[in-house]
Amino acid sequence: MDLILPDFGLLFWTGLVFIILMFILTKFIWKPILSSVNARSEKIAEALEMAEKTKAEMKSLQAANENLLKEARAERDAIVKDAKETATKMVEDAKTAAKVESEKVVSAARQTIASEKAAAIAELKTQVASFSIEIAEKIVRTELSSDAKQKALAEKMAGDINLN
Amino acid sequence: MALKNRINYVFITLLAIFSFSTVMANTPEAGHEEGKKEEKFNVGEMIMHHIKDAHEWHLWGGHHNSTSIYLPVILIDGGLKTFSSSNFYHGTPASSIDHKTHKSVDYMVGVGPAADYAMFHEKIYKLEGGELQFEDGHPHNVKPLDFSVTKNVLSLVFGALLILIVMSSVARFYKKNGAVAPRGLAKFIEPLILMVRDDVAKSNIDKHKYHKYVPYLLTIFFFIFFNNLLGLVPIIPGGANLTGNITVTFFLAVCTLLVTVFSGNKNYWGHIFATPGVPLALLPIMIPIEVVGILTKPFALMVRLFANITAGHIIVLALISIIFLNKSAAWGALSVPMALFISVLELLVAFLQAYLFAMLSALFIGAAVEEAHH
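Just so you know, the sequences run in chain order A and B.
Counting from 8, one number per residue, gives the positions in the first sequence under the working numbering.
Counting from 17, one number per residue, gives the positions in the second sequence under the working numbering.
No lab work stands behind these hints: they were computed from the structure.
One thing to keep in mind: the hints can contain errors.
What the hints assert, rightly or not - Derived DEER-like restraints, expressed as beta-carbon distance ranges:
1. H224(B) <-> K38(A): 15 to 21 Å
2. L68(A) <-> L364(B): 50 to 56 Å
3. D222(B) <-> R80(A): 57 to 63 Å
4. A52(A) <-> K191(B): 18 to 24 Å
5. A131(B) <-> N45(A): 36 to 42 Å
The beta carbon of each residue, even a glycine, is placed where N, CA and C say it ideally should be.
Chain B with its partners taken away, still in its complex shape:
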């Protein structure tokens, strides 16, 4: 009991410190501003900067003395071009006049191998006449195909490796010990596996067909769960807003959509294109509704995961920002407990969203493979 309390204490302390340091790390403007002028700390910009993808992994420090890991940029633009993103972050600052609003917009022009490109809001554009052409705040330059290993990509790979390490250790346990009661890591992971198999797959999908979908549901559950948790860890290699990135949730939702569509049997399509009991005259209305229905289900999955995880990150960062808005560490007495509370809540959300995604995927698949029962 005493040990448990101590662990809790250490955990809470670390969480508090880390929450603090993340914000420090994600506040590139802070040092910069102090050095220049008494400009207001822009909470919105800081938060948006954090929840979006980046070509660097910012560790600590202000704008000019910051420590970051510069990730490789991989472009396909008349051949493969790879160089470090430091060519942008330590590039030449430039500014253009917006063609519509006539305001000056700042961006970074690359140096060295990145000389033909410029970065604006973490997006890479090809220079046109040596500068970016802005219209209403958005550059209209050509965007080369960007396969860069960004912060999210690195986090994704790390998450995948973590899953593989954890799961292979669990698999080894069974291989070594045979059919025995789980111990160690297996004791923690097995209930989750069984939960996905029994409560998610078996209870939603026909009991003769569910076996086929268990690996997919397990993978999607653990992928989301592990990456959600990694997103809550404020230091490298955690802290990237991976599962709160629309691209990632979009991909996962598309996976569920494809599995559902390709599993759909005669009964499923029959209900969509010739809903039983609906008069023929209504079918021209019903069919588009049903087809839209196929798409809205995964769309809801995509938005739900994206919004929940991003919102969690935003709330924690906003609460921590109280300190920096008031420029007094004393505000930490208010903001740290609140941020801690939300962080703990986010642990629950991390699990819940992974469970929900797998659950709803199973529900959709279950509906697609259901046999007619009349």
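Bound-form chain A, shown alone:
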């Protein structure tokens, strides 16, 4: 029965020890421990927040970098495009210039050829004329080698004049 009956002496000692224990623990132990644990969790929370902030900053920085890169790329593309265009134009220009030049040369050559030809023709004509005259002279000389032939020619010519 005394197993389940409180004993006054033990109750007194339990109370005394427990109250002293609680006083010392509360004042000198729990408070410092809890406050450092709290300080630490605050520190951790702060660090986490900082990390989050840094992360966001990094993200924005990255985005800016990306933008910069994009711009640079676009600029580069534009420059390359320009250069290409210029090059093409230059080539084109060169081509046209060459064409024009060649045409000029060809036409000049053609003119020369034509004038040479004309000169040659004229030369030929004069030659032919002189040959013709020589031939005609020779012919006339043979025609008019005798009196009879002279007379016959005169008559014929006279007949032609009459007819006209």
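Once you've looked at the hints, dock chain B against the given chain A.
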């Protein structure tokens, strides 16, 4: 891993040996009986002797060649009287005839400074006509106020010192290192502190008010936890059934009751003396029920801790007693593994009961400080 295994092995071996030696130490009858006659080993008496408080700390040995630490007896009986309890244990054996059952009852009469007193079942009585007057197995003599440093008191002081040493070393760690991750002992204790703060206090008590109760809950948790564990250590200074003593659990329950009652706000008392939504005519029935309810909650705390810890001690001792009942060490092959299993289970119970006591205390306090929410 190998080291861990070795530690486990050593621990298990020690536990087995200690369990054995506790029973030896707590079997004052064993040697006595063998010397006298082939009387049966009284398991019930041995167990009851162990789980109750005592004025000596029995170390080893039988009745006549036993080694004990005799603790001081402090009586208030017309002035302060202090003397060693050996004056009772090595006193004069006496016997009286019970007035009702007419059977002879044995007890010890003190010698020297304890001459006016007698001890029966670890209780001290003032002699009346030179003897104790028994009626139905209980002495009817006057009991002087007994403030003796008993086995439980010594264990209590040791437990308190152990808590202080451990906790101050943890506190020093934080003082020295500031807000850093815990190392060493702090690494082990901190999760427990945080568990009590967060899972016990914060989750049961209003979040604006819980700070006030954290020190109390921490103290009660570690007090019960450390003393439960000490109770499982079979050699001095452990092995006393402190948290399985009704006086101790009674005191702890009263603490929770007082904290609850003095924290109770208007809303709490309103629910007890004028439960909202209950017709006025029912209040004469409701109020006594609610008032009893205030008391039953800590009463359940008291009985739960007492019964769990005492039951653990009883089971371990009963299992070890198998050896002595059969008078053969071979039975140890059965009883030691079973006792070991229960001892390991008791480690869990030691934690669980401390947690439950703190948890339920927090729950009751939480209910007392809860604001009305309608």
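We went through each hint and held it up to the structure:
no. : hint                           : result
1   : H224(B) <-> K38(A): 15 to 21 Å : holds, 19 Å
2   : L68(A) <-> L364(B): 50 to 56 Å : holds, 53 Å
3   : D222(B) <-> R80(A): 57 to 63 Å : holds, 60 Å
4   : A52(A) <-> K191(B): 18 to 24 Å : holds, 22 Å
5   : A131(B) <-> N45(A): 36 to 42 Å : violated, 60 Å
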